[in-house]
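Student: Residue numbers (the working numbering), protein chains in the order written: chain A, 15 to 356; chain B, 15 to 356.
Take the hints with a grain of salt, since some may be wrong.
[Unchecked claim] As a list, the in silico DSSO-like pairs of lysine-lysine whose alpha-carbon atoms are at most 27 Å apart:
hint	chain 1	residue 1	chain 2	residue 2
1	B	K325	B	K245
2	A	K55	A	K143
3	A	K142	A	K245
4	B	K126	B	K142
5	A	K345	B	K172
6	B	K172	A	K172
7	A	K172	B	K345
8	B	K142	B	K245
9	B	K246	B	K325
[As the list claims (entries may be wrong)] To give an idea of the interface, some chain B residues facing chain A are shown, with a C-beta separation under 10 Å as derived from the structure:
hint	residue
10	F58
11	C62
12	L175
13	M181
14	T183
15	L261
16	W277
17	R283
18	G289
19	G332
20	S336
Just so you know, these hints were derived from the structure itself, not from any lab.
Note that the Cβ used here is the ideal one computed from N, Cα and C, for glycine as well.
Number of protein chains: 2
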Amino acid sequence: MPLANTSFLDACRGQRPARTPVWVMRQAGRYLPEYRAVRSKVSFTELCHSPQLCAEVTLQPLDRFDLDAAILFSDILTVLDALGAEVEFNPAPHVANPVRTLSDIDGLQFGKADDHLGYVYDAVSACKKALNNRVPLIGFCGAPLTTASYLVEGGGTKDFLNTKRLMFTEPAAFGRLMEGITTILIDYLAGQVRQGIDAIQIFESWAAALTPEDYREHALPHLTRLVTEAKKLGVPVIAFVRGNATLMEQAATLPADVLGVDWSIQLSRAIEVVGADKVVQGNLDPIALFAPPEVLAAKTRAVLQEGRAAKAHIFNLGHGISRHTDPEQMKLLVDTVHEADA
Amino acid sequence: MPLANTSFLDACRGQRPARTPVWVMRQAGRYLPEYRAVRSKVSFTELCHSPQLCAEVTLQPLDRFDLDAAILFSDILTVLDALGAEVEFNPAPHVANPVRTLSDIDGLQFGKADDHLGYVYDAVSACKKALNNRVPLIGFCGAPLTTASYLVEGGGTKDFLNTKRLMFTEPAAFGRLMEGITTILIDYLAGQVRQGIDAIQIFESWAAALTPEDYREHALPHLTRLVTEAKKLGVPVIAFVRGNATLMEQAATLPADVLGVDWSIQLSRAIEVVGADKVVQGNLDPIALFAPPEVLAAKTRAVLQEGRAAKAHIFNLGHGISRHTDPEQMKLLVDTVHEADA
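Go ahead and model the full structure; you've got the sequences and the hints to work with.
Tutor: So, in structure tokens, the structure goes:
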């Protein structure tokens, strides 16, 4: 059975659908009372490991809002299961055995994604079944640098000191680590696609950890390999390089179908940088959802207007939605996007 | 008695001194054992309130490193004393009575900087006396947005939700708040200059809180007023707009003598954006100090080389030095800057 709503996939492929598709990063999440009701009964890790609950929360925002895509409920750190890292969420992620030295890297036992991440694949299947082709399902993973930084830091960090010290001190070993992670990420995406994922988003959440020069030398080659291999899987690939707008130039060199744009750069400027032949996704400031309704609507329409300069535009926030957001404001945002094209 | 070393002030005024001047943000701080020894005896607040101890720690790095400027030991949040806010450091700053609503703003009792910040002026005098004209002394304050964000958030924040909600919901009142803060900052800088400060740095530490459009509308006019008034005080003014390289274009419109550049943008690119007729300061990644010595030296020389495209260049880090830095690496950095010009 074909998808009932193809506007998101059409836009990914560079066509301009009749109305601009919209989805929102973290659209299935804590700002929804029905999500919090599920989480009151299970931990975050238990939720990620339950295909039925993943499907339930993945579909929750679709029942409230007129969204054009669903995104698998999971976490970019699930892949650490295949890297031999023990990750816990309390609620911030914590890796008990971070990788800090050359011998830590040499001692890593990289597993196969398929041997460790079957629970995610089962969640993809459950989501696809529950969606019943209403809208496409987006799968995802973290980019190599973002994934590596959690493995090395062991948790959140402001300065990425451990990651950068390792990179500066043992650049060859750091390169091997990035290469090994990239190989597992490729396998992981292939597994998600086998279960029916319709598009892929790669989250480079911590691109801004590195200077532009260091990013180009130590991160971009691995991300390029990941995007290149992901493209061979036959579904559109969105690359979201977040946190440093000056990296848009480097992002534009990726063979991705869509470039995600964060809110630190005006969308019209981002389109100038990457070129009007590219499809872009973004980029409303998530905190605009805390503005009065008329201000939120005006800001939403301004982003839509700027997006018209691109080959195609997928409306999204420029970062994940805040847990403190009023769902009524989210509804206003989605309806404003669709009404603007009506 | 004239200053023994004028290279920093010469560079501020657009001359190229024989050797590139260097100082480092947070050069007087926790990475120095002698600073930690002082702090083991007094709290951060007690230190800021003691002119003699401020002078002692301000001069500590000068006794170790061949630096071309000193910066007053103080904090950008001392000015909150004149805004009726009760700020504590434990160790992160915490404001007991944050400003969140229209009535909070209307209820603010802005004092005079001179009535509340005499202890800072005394610290300036003590530093100048202790320096005995070895090198110039830099005074500083936070920019209006950065100062306002602490007052509104009450402490650190990732998303500046309260600041932006107030700005979106009560834009006129937010403007009044920014205007009142700016007036006090102008008075505060005037007081520092009266005590003998040789140059001013304005820290817009949280420029990246706002989208470029919102920054232009809600923050830049107040920062422009602050820089314009600071310029009338007769000493060079450095504006450091940190955290979003796309704001360099807006920073370039400020009437500052020097533009600080953070490490998120390559220095050569920043000079292209602001123009080769500007003086720039920056921008080595502070975490480069954790690289092996030869890598640190190479990265230092690369920044120096890029700086040659500007009218003049003051070498600095692109953010404050990390508390975990080895002082020997700091020495290598300073010596590398000076030897490159020898």
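Student: Decide, hint by hint, whether the structure agrees.
Tutor: Tested hints:
| no. | hint | result |
| --- | --- | --- |
| 1 | K325/B to K245/B | holds, 19 Å |
| 2 | K55/A to K143/A | holds, 24 Å |
| 3 | K142/A to K245/A | holds, 21 Å |
| 4 | K126/B to K142/B | holds, 24 Å |
| 5 | K345/A to K172/B | holds, 24 Å |
| 6 | K172/B to K172/A | holds, 11 Å |
| 7 | K172/A to K345/B | holds, 24 Å |
| 8 | K142/B to K245/B | holds, 21 Å |
| 9 | K246/B to K325/B | holds, 22 Å |
| 10 | F58 | violated, 19 Å |
| 11 | C62 | violated, 23 Å |
| 12 | L175 | holds, 6 Å |
| 13 | M181 | holds, 9 Å |
| 14 | T183 | holds, 6 Å |
| 15 | L261 | holds, 9 Å |
| 16 | W277 | holds, 5 Å |
| 17 | R283 | holds, 7 Å |
| 18 | G289 | violated, 17 Å |
| 19 | G332 | holds, 8 Å |
| 20 | S336 | holds, 6 Å |
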